[in-house]
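With the sequences and hints as input, model every part of the structure.
Protein chains in written order, with our numbering: chain A, 1 to 336; chain B, 1 to 1197.
Incorrect hints may appear among the rest.
Not the full set, but computed from the structure, chain B residues with beta-carbon under 10 Å of chain A [stated by the list, open to error]:
#: 1; residue: 436
#: 2; residue: 452
#: 3; residue: 564
#: 4; residue: 605
#: 5; residue: 849
#: 6; residue: 1091
#: 7; residue: 1104
#: 8; residue: 1163
Just a few of them, taken from the derived set where beta-carbon distance is under 8 Å, the chain B residues facing chain A [claimed, not checked]:
#: 9; residue: 433
#: 10; residue: 682
#: 11; residue: 1095
Think of the hints as simulated: they come from the structure by calculation, not from any bench.
Just so we're clear, the structure is a prediction, and the values are computed from it rather than from any experiment.
The beta carbon of each residue, even a glycine, is placed where N, CA and C say it ideally should be.
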Amino acid sequence: MDLSTNYLGLQLKNPVVPSASPLSRSPGMARALEDAGASALVMYSLFEEELQDQQTRQLAFLTTQELGHSEAESYLPMPADPGDELDNYLEQIRKLKESLSIPVIASLNGISNSGWVENGKLLTEAGADALELNVYYVAADLELSAETMEQRYLALLSELRKTVSLPITVKLSPFFSSLGHFVSSLEAAGANGVALFNRFYQPDIDVDSLRVAPALHLSQPHDNLLAMRWLGILHGRLKLSLAATGGIHSAEDAIKMLLAGADITHLCSTLLLHGPKQLTRILNGIEVWLEESPYDSIEQIKGVLSHQQMADPAAYERASYVKMLESYAVNRTAWD
Amino acid sequence: MTRRMITLDGNEAAARIAHLCNEVIAIYPITPASPMGEHADAWSAQGKTNIWGSVPHVVEMQSEGGAAGAIHGALQSGSLATTFTASQGLLLMLPNMYKIAGELSPTVFHIAARSLAAQALSIFCDHADVMAARGTGFAMLASNSVQEVMDMALIAQAATLESRVPILHFFDGFRTSHEIDKIEEVDEATVRAMIDDEQVAAHRSRALNPEHPVVRGTSQNPDVYFQARESVNPYYTKMPAIVQDCMDRFAKLTGRQYHLFDYHGAVDAERVVILMGSGAETVEETVDHLNAHDEKVGLLKVRLYRPFAAADFLQALPDSVHAVAVLDRTKEPGADGEPLYKDILGALAQGVANGDAPCAAMPRIIGGRYGLSSKEFTPGMVKAVFDELGSEQPKNDFTIGIHDDLSGSSLEWDTSFRTDASKKAVSALFYGLGSDGTVSANKNSIKIIGECTDLHAQGYFVYDSKKSGAVTVSHLRFGPEPIHSTYLIGDNEAHFVGCHQSVFLERYDMLDKAAESGVFLLNTTASADQAWDTLPRRMQQQIIDKQLKFYVIDAYHVADEAGMGRRINTIMQTCFFAISDILPQEQAIRSIKEAVENTYGKRGKKLVEMNFNAIDASLANLHQVEIPGSISSKFDKPPVVPASAPGFVQRVTAEIIAGRGDNLPVSLLPADGTYPTATTQWEKRNISLEIPEWDEDLCIHCGKCPFVCPHGVIRSKVFDPALAKDAPPSFKHVPVKGKEFPEGWHISYQVAPEDCTGCTLCVDICPVKDKENPGRRAINMVPQPPRREQERENWEFFLGLPEYDRRKLRPNVIKEAMLTQPLFEFSGACSGCGETPYLKLASQLFGDRMMVANATGCSSIYGGNLPTTPWAKNPDGRGPAWNNSLFEDNAEFGLGMRVAVDKQSELARELLVSLQEAIGAERVEALLNAEQNSEAGIHDQRERVSELLQSLKTIDKPEARRLESIADYLVKKSVWIVGGDGWAYDIGFGGLDHVLASGRNVNILVLDTEVYSNTGGQTSKATPRGAVAKFSAGGKPAAKKDLAMIAMSYENVYVAQVAYGAKDIQTLRAFIEAESYDGPSIIIAYAPCIAWGNDLAQNHQMQDLATRSGHWPLLRYDPRRLDRGENPLQLDSKKPSIGYRDFVSNETRFSMLWRSHPDNAEQFLQASQLEATARYHHYEQLAAMDYQEPKAEDEKE
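Have a look at this one:
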């Protein structure tokens, strides 16, 4: 069985790639993922806001450090080298490149020119095999139109493309009103791939403290259906690579994504929950399925159930509510 | 040989040598010695090695007693080991020191000498601590300056190895431990040359070792103990010669020659002063001055104080001497002289008797005390001592530096006396806020001058005892000659005075210090044209009279433009160099920029850029003000306290507030350390530029803002609106919401404008959001200055309104509980402090019957540091009675209070019974069986006691007189034992545990900041895994101790774990339940601290995240529930809803480890996550246990 796949021009030994997560912060964990069978690794995201926040905090820290009290001139040991999030990230790329043989994809999250272009260059120099641009922005500004937002991303991507020769993939949220068109524009601006979809961590409200607080909910298997649909729509209609991300918890989930048209499948929540061995289990599951299927390779199964290949493209294009509701109705109880 | 000059303070100088010469370093925080341990820990964390190429192990212990025990063990096991301490810490080490010396184990303890707690604690310098160690058998070696600290630390290390006698190496706390000097470095090669490896091997050969076992530490009987004690004599006999030999070898290596006693002065001096410590430097400077002006005086510095080498002492003294004054920096009440005086007296008497003395006749010898608790010791005082020696009947047992109008011990001195040396040096004074970076910039300026010029440099920093709005005064001296001035820059001495905050103009007479033709630099928002008019009249007059040059800069504007917020230090530093001409301007600016790069790291590009921009913009914004010929100002400094303040406050407190405490005579100070409470109200500090303003239309009267206010500046009162008819026009009050109050009554939320520290937590907690104006709440921050007068008037009016009747309030409802008067107000705690809301809450609920035993720490400093105390009184004159015993004994101290209260209560009840006939059976019955579990019950009992006291007057029996003195104890007393986690988890844990086990009715409040906050944020056993703290520069590897679980194991202890920022109502309930429980109660209160590195405006958020992540589960364990067949444990917080990562990534103490040690950080995080989940699960299971089952089974049987 040939599990290999081509993603962003990189020849990967299989289609299972851990997505950006804290797991890549530890070189030991990264090696464990490689040993478990990962064919590439997307690093945790370097947030532009995090870098800015770091500077703000550093200034605040240095300011509040000095207290002027007779028993305590300062608090916290002043580090000899205060360190820097960007430096640490670049160092982590170097460390991972040294210890891993699989490609390392750096993940960058930002919304400004300096965030993408300047840092993109540094990540390239540090040895990343590809860049993933993580589009994670809540456009809460009521004056900001969808078009303006899209143009901003496209302009940044074009700018980055001019300075970076590495493959670039863009991780998107599902909240674009015309996603297909936008992906097509990204390809035109130089993107080599897209990853569908990013998940936003939604704030929650605590009714006890009357505060808005972050809430972490890991993905659930049914979260992947939206991505599957869009992979099916996009597969074969554009040249760029497609990655499925969000809600892939089993071999079956991964196989569905590949059948819909993904070149690779990203794992995150399931690895956080079950550890690197889960990757091996999923990989084995794909292999067993492939053996039992009429196909010999991943390349063969990619997109066989995509929009293009389906006899009824409407299954993807329309959300057939009536049908869905009818199918739900059969489960009604005798009292309904 | 050219040696490297370095600028550093005494603590660092000692720590450098200690770290190079040792393998095991046991540490424990105590001011002013903590930095030695901090340096050692940081260096070992960075992998710095000792002279044998190995990294010393640094281990933090639970107390100084523990540190000394660990050192004893390390020495017995063949290691080279050391420790650092001061004051009470040294006292705790004494038992082990007898052992270490008794077993002839070589070691050096480095001591930053500090006063001992007597009538009060003091962190400042004298020799009371080291003098208490005289009997231990440790040799004692004194250093007088930073240079000597580095030199003597090494000489001591060499001498102890050779002699086997352990050495206590001491230098003056703050004056030497914290003074920054330019000194010649003792490099590693010199250290290597001084330490003899054969002696190290000999030490190791004596170690306990199962390969060749011995026993030490035996128990001896009357037959041999005495002889064995005398067996060490030869070691002590040889010791002085060994020390001198080491001094001589050191001199060959460095050119600096020391002797056991060093004489300085005229060869034919008739009058000689003898002392040890930093004061000797000032005496040296004065002796040189006097001799240059045709006097014949001398100084004898005692370096090796124990063993006292009398022969060497006699040799060192000039034979011309007629009169000797011995100065002791300590007091031994009841003795007929202080220790050094007695030693000198004895040595001279024996010398003269034996014919060994240089003088044939006994010189006149007087002894005196100076410099207690860092009291200034100036050349004028030294001259007064020499003058006294020259008088016909010199006073013995004198004091110098104070005005003793009680016993008449003090000598008068000339405050205007100056030495030639002090006139040659350039003196500069800087008044800054602790938080504006003035001190670090000045330390840096000394380094720049030290490194870029041949000038000698000295820096000394006077810090504040307040933590919010702390003021620092930096004293800098530079000059071509070595600087021996170990005293502050005095009046008319400063060539440069920098005022970094214009609010100080109204507070400090800083131009008193300015020298003729000096420079005054002011940071002000006023332009050069307007600045003159912002000065008080007196200051204008001084500028004219002294012909000062006056410069101004709007440093805040420059900082703001550069994006640096309120960080003005590099700007003011640039201006100082620009005006002072100490260095060529370009060179100075280059050096400042280099220092900025070093501080912010090469990668903090933006921060470096911001600073560079600010530095470059400084000069363009610096303007000289033209001085008019006459004063034009319309105002002068306001009075320190209003005329309405009580007499004691007027006479004493106000003087201390004004900075004139040095002038207070002995007779005005209470002899037993007793001071009035409720005095912070007189110290109006006006430290915040913004204060909260109540929006009475939006407010829902929930009471949350007074609950969280750390300084007790927001109050609420409900009152009859008829009382407000004469209110100031801007006083706000509206009909109170809620049927529980009388119809038509009003409520007011009022802010004390001059006491607010501007923490913004009231705004943060406000649950009301203005729907039409997003971001606006029912309380909002507004500029203070334009509202100060008006709100002061409103505050006064508010205070005059009657308190709401406590009997009619439900204390377990926040809104109603917050109508009670805080009896803890306006403390000097940090703005946004996480501790004080808990104390304030306790004071509101129980303050009128509260006794507080307070462990040393932040809460004892903001609670009891003179001049004022935040513990207050209600209109009846009742309020918390407070005392701080020590750090280590607080639980026991509080238990003692409880036992005494119980005993006196019991006695009163017995007396009542015995007087039943005279008092009346019914009244006695009512007094004995009074219900005192409610405000109404306590009120009624007070009434009964009041009536009882009246009737006792008519009873002519001795029992009646005895009952009169203790009748108060028939009213319930609430004993509170308060302290931080350093006390509860570490140094006081043994006592705490014992008190929990005692079953007595005490309430223990642990203010858990997860570090030793007061001494600067050192690691305690409450510090969470993965947090960076002092003594844990690489992140704390061990998990936090679960104190609640330990306390619950007793089963008869009420236990609560609370975080008011996460769930205020749970905190309120816990306090009420704990106090009502007739047995031991412990409340472990989560208290975010400035030492965590975050802005405390995030205080509530930090508490909330700690609770949500499972780091700080909220719980209450009430043994009374067992009686009802209920599970005693109630888990009050929900299952962790966010990851531990979300909690730690919000806090600097954790997140800084990700940058410095990312691998450790991740590993610690994973462990903490598992722990948090497991702990919650464990509590959840405990809380779910069914306690009714066993009973049901019994019934079946």
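> So which of the earlier hints does this model not fit?
Replying inline: Violated: hints 2, 5 and 10.
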